[in-house]
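Chemist: Below, each chain spelled out in residue letters.
Protein chains: 2
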Amino acid sequence: MDISKFVELSLGSWRSQRSAHHLAFSHFEQVTSTIEIIPLTQEDNNVIELCKLNEIDPKIIAHPFRMSWEGESDWDEAATFEGTTILVPIPDPDNPKTGRLLREQGYAETIPSIGKYEITEDGTFILLTAYERATAEEKIWFVNPNFRLRVSLIKTSEGTGVVTASFSSEIRSGSVKSES
Amino acid sequence: MDISKFVELSLGSWRSQRSAHHLAFSHFEQVTSTIEIIPLTQEDNNVIELCKLNEIDPKIIAHPFRMSWEGESDWDEAATFEGTTILVPIPDPDNPKTGRLLREQGYAETIPSIGKYEITEDGTFILLTAYERATAEEKIWFVNPNFRLRVSLIKTSEGTGVVTASFSSEIRSGSVKSES
Numbered sequence: 004m005d006i007s008k009f010v011e012l013s014l015g016s017w018r019s020q021r022s023a024h025h026l027a028f029s030h031f032e033q034v035t036s037t038i039e040i041i042p043l044t045q046e047d048n049n050v051i052e053l054c055k056l057n058e059i060d061p062k063i064i065a066h067p068f069r070m071s072w073e074g075e076s077d078w079d080e081a082a083t084f085e086g087t088t089i090l091v092p093i094p095d096p097d098n099p100k101t102g103r104l105l106r107e108q109g110y111a112e113t114i115p116s117i118g119k120y121e122i123t124e125d126g127t128f129i130l131l132t133a134y135e136r137a138t139a140e141e142k143i144w145f146v147n148p149n150f151r152l153r154v155s156l157i158k159t160s161e162g163t164g165v166v167t168a169s170f171s172s173e174i175r176s177g178s179v180k181s182e183s
Numbered sequence: 004m005d006i007s008k009f010v011e012l013s014l015g016s017w018r019s020q021r022s023a024h025h026l027a028f029s030h031f032e033q034v035t036s037t038i039e040i041i042p043l044t045q046e047d048n049n050v051i052e053l054c055k056l057n058e059i060d061p062k063i064i065a066h067p068f069r070m071s072w073e074g075e076s077d078w079d080e081a082a083t084f085e086g087t088t089i090l091v092p093i094p095d096p097d098n099p100k101t102g103r104l105l106r107e108q109g110y111a112e113t114i115p116s117i118g119k120y121e122i123t124e125d126g127t128f129i130l131l132t133a134y135e136r137a138t139a140e141e142k143i144w145f146v147n148p149n150f151r152l153r154v155s156l157i158k159t160s161e162g163t164g165v166v167t168a169s170f171s172s173e174i175r176s177g178s179v180k181s182e183s
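Top to bottom, those sequences are chains G and R.
For the first sequence, the working numbering begins at 4 and goes up steadily by one.
For the second sequence, the working numbering begins at 4 and goes up steadily by one.
Next comes chain G alone, as it looks inside the complex (with noise of 0.2 Å):
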């Protein structure tokens, strides 16, 4: 698994079920929302600024795409969010396995954001964002390639205590993807 092949098999719509636990009051949120990943190419003008805007090269990166969703949470039920979001993987030259990934807009923060990525030997991405005030750890793996869960952690910038715990299932809506 390479961030190609996991960018690929992300490609699509999906339905998703989030549970955030966030920890100091044990308090329970839920959220549903659908989600659409579509790709972009390297030559897409949003891609380009955001690239330039980060001075990196366009010519390294890899497999650029959109990510938009639309939802509810069960703490404010008359409100529904939505948002979108371009992010653009920039694979290590010597180690495949590793990157860089921007992204015009991060969960915790309204500014541009750059994580480190690492794909496990067993195919889990992993992602991890430092903002302001906060650090940001992201699991995201496929059970089948219908199928993918995702764990995020959200803990104090110095990266020692977790705040916030959240789980998803997304399950790939529309048009299925065979096992082989």
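Because the hints were derived from the structure by calculation, they are not lab data.
A hint or two may mislead.
Identical copies go unnamed one by one, so any copy, or any two together, can satisfy a pair.
[Claimed, not checked] Computed list of lysine-lysine pairs in DSS-like fashion (alpha-carbon distance at most 30 Å, straight line):
1) 8 x 100
2) 158 x 180
3) 142 x 100
4) 158 x 62
5) 55 x 180
6) 100 x 119
7) 142 x 119
These numbers were taken from a predicted model, which means no experiment stands behind them.
With chain G fixed as given, assemble chain R onto it according to the hints.
Modeler: Frame of chain G; chain R shown alone:
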């Protein structure tokens, strides 16, 4: 990380938040519980009994322990649940990262079970258990000595469809271990 280290890290009292995703209906279930894990000796009567029942030589087992839990689910707020079980690791003689796990009583069934475990490079404990009408896959890992995560999947007995995906975040309660 081997099974002895893993069991030692797990000993103690834990406060657990668990979210179950029942996938067919996008249903959420929330469970809070306390979990107590205490070591047993290889000479413990219940351990000897469980080994006999499964025709296992008690000399080849490692670090048997008892796990007890008590909690409540939002599915039935009036009721609390509790239970206790004995677990007996049987490491493979030729590969200490893998082995079998005897369990007095499973989660999904009320009969004894034997699962197969493996500990990955990054210290994740993976347990696969085949029951009569389902298979269970469980991943447990430590974020730090006082915080562990557990992802469990219940699949159809053919191992294809995932029926339930659940996520527990477990915080050590009582005396906290230092990181070193």
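Chemist: If a hint holds in the structure, say so; if it doesn't, say that too.
Modeler: A quick look at each hint next to the structure:
{"no.": "1", "hint": "8 x 100", "result": "both (11 Å within a copy, 28 Å between copies)"}
{"no.": "2", "hint": "158 x 180", "result": "between (35 Å within a copy, 19 Å between copies)"}
{"no.": "3", "hint": "142 x 100", "result": "both (14 Å within a copy, 22 Å between copies)"}
{"no.": "4", "hint": "158 x 62", "result": "neither (33 Å within a copy, 43 Å between copies)"}
{"no.": "5", "hint": "55 x 180", "result": "neither (35 Å within a copy, 46 Å between copies)"}
{"no.": "6", "hint": "100 x 119", "result": "both (11 Å within a copy, 28 Å between copies)"}
{"no.": "7", "hint": "142 x 119", "result": "both (12 Å within a copy, 23 Å between copies)"}
Hint check: violations occur at hints 4, 5; the rest are consistent with the structure.
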